[in-house]
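Please construct the entire structure, taking both the sequences and the accompanying hints into account.
Residue numbers (the numbering used here), protein chains in the order written: chain D, 1 to 489; chain R, 490 to 974; chain C, 975 to 1133.
Keep in mind that a hint or two might mislead.
20 Å max Cα-Cα, derived EDC-like pairs, lysine to aspartate or glutamate [unchecked claim]: (1) C:K1127 - R:E586; (2) R:K869 - D:E271; (3) D:K208 - R:D905; (4) C:K1074 - R:D587; (5) C:K1127 - R:E642; (6) C:K1127 - R:E592; (7) C:K1074 - R:E592; (8) C:K1127 - R:D587.
In case anyone wonders, no lab produced these hints; they're calculated from the structure.
If you want the building blocks of each chain, they are given just below.
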Amino acid sequence: MLTLFLILFPIVAATAVLFSTDTIAKTAALIGAIGELVIVGVVFFTFVANDQYQFGFDYAWFGAATNGSSGVRLSGAIDGISLLPVVLTGLVTPLIILSTFKQTYTRPTSFYALILFMQAALMGVFVARDGFLFYFFFEAALIPIYFLAAMWGGENRIAVTFKFFVYTIFGSLLMLVALVYLYRQTPLVSGAHSAAIADFYALNLSAKAQGWVFWAFFIAFAVKMPLFPFHTWQPDTYVESPTPATMLLAGIMLKMGVYGLIRLILPIVPEGVNIWGSTAMILAVIGIVYGAIIAVRQRDMKRLIAYSSFSHVGLMAAGVFSRSEMGLQGALIQMLAHGVNVVGLFFIAELILQRTGTRQLDQLGGITRNTPRLTVYFMIILLGSVALPLTNGFVGEFLLLSGVYGYNHYIGLAAGLTIIFGAVYMLRMYQKSMFGQPAPRTATFVDLAGSDSYVLLILCVFVFWMGLYPASFLKLTEPAVLNLMQFIK
Amino acid sequence: MTFQTYDCLQMLPIILLSLSGIALLFLGFQKSRALLLPATLLFLVIAFVANFLDWGKTYMYFRDMLLVNNLAMIFTGVVLLSTFMVVSLSGSLADDEDAQPAEYYAILLFSLVGAIMMIGFENLIMLFVGVEILSVAMYILTGSDKRNLRSNEAALKYFLMGAFATGILLFGIALLYGATGSFVLSGIGNYAHSATNAGGSMLLFYVGMFMLLIGMLFKVSAAPFHFWTPDVYDGAPSLFTAYMSTVVKTAGFAALLRILSVSFSGVYDFWWVAMAVVTVLTLLIGNITAVYQASFKRMMAYSSISHAGYLLIGLVGLSQASKPAIAFYSLAYSLSTIAAFGVLMLVARNRPLNAAVFGDQTTLARTDEHYDAFNGLARKNPLLGFVMAVSMLSLAGIPLTAGFWGKFMVFSAAADRGAVWLLVVAVLMSAVGIYYYFRVVIAMYFREGQTDTIRVAPFYRIVLIAATVLTLALGLLPNLFQGLI
Amino acid sequence: MEGFFMAFYRMGWHRTAANYVRFIANLRSFLSLLSMNTASYLPSDYIPIFIQLSLALGFIVVTMLVTHNIGPKRHSVKKDDPFECGIPTQGDARAPISIKYFLVAILFVLFDVEVIFMYPWAVNFMQLGQEGFIQMVLFMGLLLAGFYYVIRKGVLKWE
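Written as C-alpha cells, this is what we have:
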C-alpha cells in the first residue's frame, strides 16, 4: 500500500500547489516533496533485504476477462532493484525545489505542480510491476518535463524541447509495440493474457523474436538515457531547459532508461541480450569515450556537465550489459550516486550563472577567494563525480568497471578511460572557474547562504555516506540482483 | 404480412429520430429560435435512452433487415453522444441571420437515422439506404454556409465524388447479389465459406466484394479514396466538419466491421492484403501530409484520414477483439475531435480582424483557422488551452488519455494476427502524428500572441469540460467502457 | 528479412497468393465462357441488327451531306448571328434562372414518384386490409406533412 501512496501523494500535493497562490506555491511544493521524502524514508528503513516485492498494491485495470486473463493491472511494489531509484526520486525532488528558493519563476503554481507531477510519474515508473503501467508512467513522465523545459526554458527552447519530445516518444512507441507483442504472447504459457512483468520473464520466445524485442526496448531506453547514436537531443535540451528541469532530466529521468535495461531487457529477452548485448555494449563504450572527449572541449559549464552525464550513463549501460552481479550492483548504486552528483553540479552551474551572469569558463575564475563554502561543496561533489575513493562515485564506477572488465578486457579498458577523462574535464572546469585571477564578473562573488547552502550540504552528506558505507545500500539490493541473475543465465 | 406491435417499438431510435426531425422542421416556423437547441438535445437524450432499452438482447427487426445487439447499441450510443456534443456546440447558430438552425438540426437527426441503419444493417439494401440518407444530409450541410465560396465548392465536390462512390457501392451490391443470390449478410457469408471450399469460380463475388469495399472506404476517407476529404472538411462549416469527421466515420467503420466480420470473414485470406495496403497508404498519406498543413482545420482533415488508418488496422486484424477495439477507438476519437473543433470555433470566431486585414474572406484562405490563431491562447484562456491540449494528446495516443487505449486495443487486435510489421508502420506514423498535434500545444502554451479572454457560454463550457473529463477518465479507467462490451 | 516473410506466412500470404492466382485463372475462364456463348449464335443471326444500324447511320450521314451540299450559302453579319424566334439575343445563354423553377420541378418529381406507391396498394386494397390501410395513412400523413412544410416555407409563392 505504501507504494500506492508514493505515487498518489505527489499528485495530491501537485493539485494542491496548482490551486494555491503564487506566493505560497514554493513552500507548499517543498512541504509536499518533504512529505513524500518521509514516505520514502519509511520505505527505505523498513525495507527487508530479500528478493521479495514489498509494500505492494494490485488492482484490476483493463482487459481482465472471464477466461482468466489478468489483463493489464494497476500493480506496483518495491524490490531491491527499484528501491534505490525510488530513494533517489524521493531525495532529489525536495532538493530541486529547495534549490529554487532564491529565484522566482513566472507562474510558480504551474511550475511547482509540474515538478511534483513529474515526481509522481517517476515513482510510478520505478515501482510498476505491470508492463503497461510501466509504459504508462514512462510516457507520463515526459509531459511535465516537456512543459517545464518548453515554458521556462531559454532562447531556443521550443525547437530543442520539441526534438527531445519527438525522439523520446518515438523510442517509447517502439517499446509499446514490443509490449503489445509480449502481452499477446503470454497465453502460450499461462493460458490467459497477462501484462505482469513477472509473466514476461517466464515467456519462452524464439531467438529471433527476442532479437527484435531487444531492439524495440533498447532504442526506447537508449534514447532516454541517452546512449551513443541516440543522444543528439541531450546537450541542447539540458542547456536550454531551466536548471530544475535539467536536474530532473539528468538526475532522475535518465535513470528510467538504466532501470528499464535492468528490469525489462535483461530478464525478458536473455537470448536477445546474448546476441546483441555486445553490440549494445560497444555503443555504450563509444558513448563513454565520445562524450568525455567532447566534454573536455566545452566552454559552457552546463554543456560540459551534460556531456559528462552522457559519458557516465554509458558506463552504467555497459555495466548492465556485462550481466554480472558486480555490473548490476554497480549500475544500481551508480544511479543513485550519479543522481546526487549531477544534481549538485547543475545546481552549482546555476549558482555561478546567477551570480556572474555567465556559464562560460573563460569568463570565470578566481571564485575561491571569498567563497569558502562553495569551494568546499563544489570540490566534494566534483570528487564524487570523478570517482575518488571514499566518495560515492568510486563505489559505483569500481563495481561497474570490474563488471565490464570481467565481460571483456578490452572493452573494460576502454570504459576505464571514463575515470581518466572524467578527472580531466572536471578538474579543468573547477580550475577554470574557481582558481586563477578573478575575472571582472567574479570579483564581487557572494558566498552561499541559506537554502542554497543546505542543498549542497545534504548532497555532500550523501556523497560521503555512500562512499564510506556503501554496504547500507548494496546489501539491500543484493538479494534482488541475485534473483534477477537467474533469469539472465 | 402481419403488423406486429413489437415490431414497431423496437428500433425505437430510428422512429423517434425521424419523428423528432419532422417536429423540428415545424418548430422552425416559430419566431423565436431559442427553443430549437434545447428541443434537439432533448430528442437526442430520448433517443439515447431508447437505444439502450434492448440492452443485453439480440433482436432482428423489420423482417431481418436490421440487427440490434450490444455492439450495435454501443456504436449507436457513440454516434448519438457525438451528435449531442456537436449540437450543443451550435449555440451561435441562433444568432446567425443566414443560418437555418431548424433545418440543420432536422437534417442532423435524419442523417442519424442513416447512421443507425449503417450500424445495424443485416441486409445490403439497408446498408445502401443508410449510406444514402447519411451522405445526402452531409452534402447539404457541407454547403450550408451559402455565401461562402469554399463551402459551395466543398459541397459540390463532395456530392459529385460521393455520388460516384455510391454508384460503385451499388454496383458491388448488385454483383454480390448476382454471385450469391442473397442480400442478407449471413447468406453472403455462407456462400463465401462454402464456395471457397468448393473451389469454384468466385470472380463475380470477388469483384462485387471489392467494389463494395471501395465504396465504403471512400465514405470513411481511406487512401487512395481520400481526395475529397481535405477540401470538404476545410470548406464545410466547422460545426459540420466535426459531425462529419466523427459520426460519419464511426458509422462507416461500424458498417465495414459488420460486413467484413459477417460476410467476408470466410475469404479473409483474399482481402487482407488489399486492406493492409490501403491501411498503410492511409497511414502514410494521412500523417505525412498533415505535417505540411498551415491550417489547423486542414490538419484535422488529414488527421481524420490517419485515424481512419488506425481504425483499419483493427479491421485488418479482424477478430473478436476488433469489435470492442473499433468501438472504443471511435469513442475516443470522437470525443477529442469534437472538443478540438469546439475550441477552434471559439478561437476562429474571436478573430474578426482577419476580414478587415485580408479583405474578402470568402476567397482567401481562412487565416483564423491557422495554427497562428492559437498563439498564446493558454495564457488568458487556461480552460480552452487545457481542453485542446488533452484532445491533442488523446489524438496523438499519449497515455493517460482515451486515445492511448484506443490505439492499444487496435494494435492488440492486429498483433493477434501476427501483423507486427503493420504495427511498426503505425507506430512510426504515430510519432509523425505527434509532430503536428503538438504544434497546436506549442502555439497555445509557448508562443506569444494577442488573445483576449474568450467568452464561453456556460453550456458550451460544460460540454468541453465533459469531453475532456471523459477522455481522461477513459484514459485512466478504460474498464468503464470495456465493461460494457 | 526471414522474419518478415514468416510474418507473411503466418498471416496466410501463401494462401492469399494462391487465391490471386486462382482469381486470374477464373478471369480467363470467365472470358472464354463469353466467347463460347457467342459461338452458339450464327453470325447470320445478327443481320437484322446490322441492317437496322446501317440504316440509322446512313440516314443521318446522307441527310447531313445532302443539306450541306445542295443548299445555297450566303454569309452576312445578321445571318451569322445567333437568334431566337427572330428576336435579337440578349445577354449570355447561361443567365441564372430563378431558383423557384428548380424548386417546383423537384417538388413535382418528388410528389409524382411518391404517388406511384399508391398504385400497388390500390390494386391490392382488399387483400392488404386494415393493416395496409394504416400503413398507407402513415405514408400519406408523412407526405402531407412535407407538403404542409413546403407551403409554410413559402416555396410555392411566386413573388
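Verification of the hints:
no.: 1; hint: C:K1127 - R:E586; result: holds (16 Å)
no.: 2; hint: R:K869 - D:E271; result: violated (55 Å)
no.: 3; hint: D:K208 - R:D905; result: holds (18 Å)
no.: 4; hint: C:K1074 - R:D587; result: holds (19 Å)
no.: 5; hint: C:K1127 - R:E642; result: violated (26 Å)
no.: 6; hint: C:K1127 - R:E592; result: holds (11 Å)
no.: 7; hint: C:K1074 - R:E592; result: holds (19 Å)
no.: 8; hint: C:K1127 - R:D587; result: holds (15 Å)
Violated hints, listed in ascending order, are 2 and 5; each of the other numbered hints is respected by the structure.
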